[in-house]
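Chemist: Chain by chain, the residues run as shown.
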Amino acid sequence: MAVASSDTAIRTSRITRAFIYLFLLLFALFYLLPFGIMLVNSLKPLSEITGGNMIALPREWTIEPWLSAWSTAQIGVQPTGLRPYFINSLMMAIPAVILSTVVGALNGYVLTKWRFRGDTIIFGMLLFSCFIPFQIVLIPMARILGILQIAGTTPGLIMVHFVYGIGFTTLYFRNYYAAFPTELVRAAQIDGAGFFQIFWRIMLPSSGPIIAVSFIWQFTNIWNDFLFGASFASGDAAPMTVALNNLVNSSTGVREYNVHFAGAIMAAAPTLLVYIVAGRYFVRGLMAGSVKG
Amino acid sequence: MGFLDIDNVTKSYGAVEVLHRVDISVEEGEFLVLVGPSGCGKSTLLNMIAGLEGITSGEIKIKDRVMNGVHPSKRNIAMVFQSYALYPNMTVGQNITFGLEMHGTPKEERDKAMKEVAQLLQIEPLLTRKPGQLSGGQRQRVAMGRALVRNPDVFLFDEPLSNLDAKLRVDMRTEIKKLHQRLGTTIVYVTHDQIEAMTLSTRIAVMYDGYVQQLGTPKEIYDSPANLFVATFMGSPAMNVLPAKLVERNGALHAVLTGAEGQEIALRIENAPAAYQSYKDADVFLGIRPEAITDPEGADRNARNIQGFTNGVTVTEPAGADTFVTMTLSGKDCIARMRADADVHPGQPFEFAVNMDKAVLFDPKTEERIG
Ligand SMILES: Nc1ncnc2c1ncn2[C@@H]1O[C@H](COP(=O)(O)OP(=O)(O)OP(=O)(O)O)[C@@H](O)[C@H]1O
Ligand SMILES: [Mg+2]
Chain A
25 MAVASSDTAI RTSRITRAFI YLFLLLFALF YLLPFGIMLV NSLKPLSEIT
75 GGNMIALPRE WTIEPWLSAW STAQIGVQPT GLRPYFINSL MMAIPAVILS
125 TVVGALNGYV LTKWRFRGDT IIFGMLLFSC FIPFQIVLIP MARILGILQI
175 AGTTPGLIMV HFVYGIGFTT LYFRNYYAAF PTELVRAAQI DGAGFFQIFW
225 RIMLPSSGPI IAVSFIWQFT NIWNDFLFGA SFASGDAAPM TVALNNLVNS
275 STGVREYNVH FAGAIMAAAP TLLVYIVAGR YFVRGLMAGS VKG
Chain B
20 MGFLDIDNVT KSYGAVEVLH RVDISVEEGE FLVLVGPSGC GKSTLLNMIA
70 GLEGITSGEI KIKDRVMNGV HPSKRNIAMV FQSYALYPNM TVGQNITFGL
120 EMHGTPKEER DKAMKEVAQL LQIEPLLTRK PGQLSGGQRQ RVAMGRALVR
170 NPDVFLFDEP LSNLDAKLRV DMRTEIKKLH QRLGTTIVYV THDQIEAMTL
220 STRIAVMYDG YVQQLGTPKE IYDSPANLFV ATFMGSPAMN VLPAKLVERN
270 GALHAVLTGA EGQEIALRIE NAPAAYQSYK DADVFLGIRP EAITDPEGAD
320 RNARNIQGFT NGVTVTEPAG ADTFVTMTLS GKDCIARMRA DADVHPGQPF
370 EFAVNMDKAV LFDPKTEERI G
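Going line by line, the protein sequences match chains A and B.
Just so you know, we're using my numbering here: the first sequence kicks off at 25 and counts up by one.
Just so you know, we're using my numbering here: the second sequence kicks off at 20 and counts up by one.
None of these hints come from the bench; they were simulated from the model.
Watch out, some of these pointers could steer you wrong.
[Claimed, not checked] Pair by pair, the computed Cβ-Cβ distance ranges are:
1) ILE156(A) - GLY151(B): 39 to 45 Å
2) GLY73(B) - THR144(A): 18 to 24 Å
3) GLY151(B) - MET149(A): 34 to 40 Å
4) ASN27(B) - PRO229(A): 40 to 46 Å
[To be verified] Calculated pairs, EDC-like style, for lysine to aspartate or glutamate (alpha carbon to alpha carbon, straight line, at most 20 Å):
5) LYS80(B) - GLU47(B)
6) LYS377(B) - GLU239(B)
7) LYS93(B) - GLU207(A)
8) LYS149(B) - GLU207(A)
9) LYS238(B) - GLU387(B)
10) LYS186(B) - ASP212(B)
For each residue, glycine too, the CB sits at the ideal point set by N, CA and C.
Looking at chain B on its own, in the form it has when it is part of the complex:
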């Protein structure tokens, strides 16, 4: 029993099922991020938690109370919308206290709560302004203030940062994280930005096509993606997915790839999970994150299984802190992430080092991770 339970919830519009048997249990104080590409059903799920959309089947419970059919205002939740949804005709102060007013809180208490929230979010000088006279970041704060003042059990955020410019988005991201650490409230947060998901969450639900593809901590999602979709969706640049053959040599499993010049590249796998055995001599997909492929000097010192190979470099892209190096492996583009001062040149062979601790294998047919 969690604090917020989503039990076997589905959602259909007419004959079309857009959410299939979603099962998530959120503990008190958790920061759950729903992430996925456009149209995967994130907002629908959030709106169902809020009570703005009906539940076709299954149950949503907050603090063990079944919420199906309960009016949004009676769920003790608060929501921050993508467009902020500030009431244009009211001042910032009135916007913040409108919910309290509707719940019959007396004026003095409302004003006191408003002051506290305004102080917390540093929007005191804005209280008498109308939303039209605020910048995007200020509107964002006011929208959060309106949510905070209610002191709800669960905060719901629907892509709250997607209307901000890149710099402000990063600032507000940090601020939301600080706020969560300070207040310790339970948050469900929708985004299609995987970096936001990684940085903010205590747990992530990766969604695609109405299914929760994987539910786990950011580290689990990043290091052990459940399937090819999660592997390629989370992380930027995306995980390299390379067709390979699994063979046994000298008593150890190797993933065999083809280099740019047709040469064979065999990468030894140590501590292979038992499940790998049944894929012996079969085709698999080898998944390696770009930062697991480096120059030998830049390799992770704590890694136990670093494998070297030589391959031609196609393109180098210096990006300030890192240099991205593209090569061809098994007919696919493969990106490596190097130190900025690594000595790589396009068109020349280069000695790469792969941290095979971080490699994962996928079944080419089911696209699920093996092991």
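Okay, chain A solo, but in the shape it has when bound:
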């Protein structure tokens, strides 16, 4: 795969280059500023925030707000901290991501390599599901969760995200597999491999980049979702985003901004981590369309 290298870039003089770096640095700082402020304030005692400057570094460093946000802060009515909800989110996001990726991969495989009558219509409908706004799904989904008796539970949320994600993952895998040489599938057929053996032994091992794309996309969306979480999983089953909202909106006592900042960073941390670890595969996967023979 071609990666832009320095020799394809336009040659620049030292001065221009210095300007470019300065500019980039400024923008980087600008983008990092909110995160920096959150971090700084999550490490201050509350008195320093209420009594003064949000931008200043802490005079007295403390991890107390972090501990509080994690395990003792008031979420709604219970003083549980965010921990149980963080676990809820993991229990919801991981199965939903895996399920939707697996089904997306299978769909992509069938839609490109086992063409059948009406396959383009089915793909069109799956694609259409990517554009259905969340709000439209709410009421029918509530009804279905009710019928299945998983309303207000983590499995219920898993199903919602799984179903809603299939459209996107199918789109990714279909486009990736469209460029996958069909002759490989035919060769495997002649070799005697069945439907799942071809998928498992031939297609999946070459799907690394697109699996990364699907994982990152799905994880970020599911983890960050608020609407479905607030609608379908109240109380103990609430995901992190809803719990964070409850933390910030707890009406008892003073507003502990430093704890709120710490909680917000906790809520953002997994997606941040996923991007740092797998971000480069994301770009690579979006650009890669074919398998080098």
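Since chain A is already given, all that's left is putting chain B with the ligands on it; use the hints.
Modeler: For chain B with the ligands alone, kept in the frame of chain A given last:
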């Protein structure tokens, strides 16, 4: 009853019929080449033999067993694809044994078979590499290894050499031919390269537009093409096709052409087939291969009917071993193939010799060969 029978097979995509009533019977050990221009249906026919495409009507039989609807892996065939289709995530060794593994062959047997094939194709040092780390020729060998290891009844090749450079293509061509002579397996081989077809095959099926135009040995196809398409498609440079008039003079049929200066050139035909009689005084196409037109010294000594004529030379093209000479005959360019040291010069008249034993006549309307 042949070893591989293609009985009245047609193929349609929707309302479009792309293969029309193909009838070919292949004997055991034959090397059948399907040749024709792009889009004529060669790959479609091969894929139907492999079971990768359905059969619209007719029957395909291997060893008298009807194959319609039988899964590709149950036909005991093996196929080499144009792109080689090596599994990119597996090593060469795994690529070769994948088919055996899928058929439940035990590990020791698989390894033994792999070793034998690797030795035969001289790819032993490559067994642990991935396909991405191989050159084109090496990939080609591995692809053949994967086919060979299954010990199939029929080998199917779909343009296996078209991705190689010219030199390697010639080498691999020889190697495939050697392999066939050594193993004696039945092969169906698709190509659009008529030289590959001539050199490799024991029989050729020339296809065009979904029809088998002619089925025969390379010699039959080359010397007695069934129609104008086969005549011009097979052979390089192509057969000269010249408008002529068939007349009787002194009790013998002559093909009368017009030279570059408008002079009449009458070429006597000996041992004319009876069918020529009905074309007396009619227009025909005279087909002569370039190598049948030479200088008088270079003419075939075994030919019985060499006719001489003088005509102006338009262009000469020395090509190392031969010199190609272009002249105008009956308003068409006509190419002659001479010895390299023939004394020909552009713009000057030259004494040509035609081996009329090799000449064929075509009906201008039906484009079929006469006789
Ligand atoms: N899936 C399909 N649907 C409709 N028409 C098809 C389909 N596949 C092939 N054809 C048509 O069938 C004809 C034969 O195709 P085929 O691939 O057999 O040609 P070919 O002789 O192998 O050509 P090439 O030398 O380019 O590989 C072509 O006209 C092609 O357009
Ligand atoms: Mg083809």
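Chemist: Against each hint, give a clear statement of whether it holds in the structure.
Modeler: Against the structure, the hints come out as follows:
1. ILE156(A) - GLY151(B): 39 to 45 Å: This hint holds: roughly 41 Å between Cβ atoms.
2. GLY73(B) - THR144(A): 18 to 24 Å: holds, 20 Å
3. GLY151(B) - MET149(A): 34 to 40 Å: holds, 37 Å
4. ASN27(B) - PRO229(A): 40 to 46 Å: holds, 43 Å
5. LYS80(B) - GLU47(B): Holds, at roughly 13 Å.
6. LYS377(B) - GLU239(B): holds, 12 Å
7. LYS93(B) - GLU207(A): Satisfied, since the Cα-Cα distance of roughly 18 Å is no more than 20 Å.
8. LYS149(B) - GLU207(A): holds, 18 Å
9. LYS238(B) - GLU387(B): It holds: about 18 Å lies between the C-alpha atoms, which stays within 20 Å.
10. LYS186(B) - ASP212(B): holds, 15 Å
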